[in-house]
Amino acid sequence: MLDIALLPGEYAVCRLAAGTTVPYALSSGLRGADVVTVSWTSDGISVICPTNRAPAQAVVETTWRCLRVTAAAAPAGTGSLAALVDPLAEARVSAVTFSTFDTDYLLVPTVRLTEGTAALQRAGHRVTG
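Those letters in the sequence shown? Residues 175 to 303, per the numbering used here, in order.
Everything labelled a hint here was simulated from the structure, so no lab data went into it. For every residue, glycine included, the Cβ atom is placed at its ideal position computed from N, Cα and C. Treat the hints loosely; a few may be bogus.
Computed spacing ranges between beta-carbons, pair by pair [stated by the list, open to error]:
id, residue 1, residue 2, range
1, V259, R205, 25 to 31 Å
2, T215, G303, 29 to 35 Å
3, V196, D276, 17 to 23 Å
4, A265, V212, 28 to 34 Å
5, T211, D260, 21 to 27 Å
6, S201, V285, 24 to 30 Å
7, M175, T237, 27 to 33 Å
8, A297, S202, 33 to 39 Å
9, D217, T288, 32 to 38 Å
Given only the sequences and the hints, what does the whole structure look like? Please build it.
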């Protein structure tokens with residue numbers, strides 16, 4: 175079982191063209207629970223950020239809600255991300271995931287948040303927020 179916190183506000187999944195300079199505003203003034211992640215490939219730059227920080231020149235996906243794994247109620251180790259994604263897949267809720275050194279994050283479409291959190295709870299996870 176995992177403890178999961180629903181972060182405040184909506185998130186955007188964005189794409190910038192390869193070689194674009196990532197706007198400074200993405201990294202400046204992060205508050206509280208704000209999370210920003212940036213990935214570079216030869217095809218382009220992917221950004222996940224609060225919607226109010228989405229770069230103006232980016233192609234932006236639909237709005238998402240962000241969930242953060244806060245603690246494992248039992249040693250999670252291998253398979254913790256699968257423990258989150260599998261129940262969502264069974265409930266037919268799309269998910270975008272990313273990991274940091276410290277924890278895992280998961281995005282679900284805002285319009286499917288209720289179904290997504292219910293699926294996670296049915297799988298034995300605790301969702302707060």
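Quick rundown of the hints versus the structure:
no.	hint	in the structure
1	V259 x R205: 25 to 31 Å	holds (28 Å)
2	T215 x G303: 29 to 35 Å	holds (32 Å)
3	V196 x D276: 17 to 23 Å	holds (22 Å)
4	A265 x V212: 28 to 34 Å	holds (29 Å)
5	T211 x D260: 21 to 27 Å	holds (22 Å)
6	S201 x V285: 24 to 30 Å	holds (29 Å)
7	M175 x T237: 27 to 33 Å	holds (28 Å)
8	A297 x S202: 33 to 39 Å	holds (37 Å)
9	D217 x T288: 32 to 38 Å	holds (34 Å)
Of the numbered hints given earlier, the model fails none.
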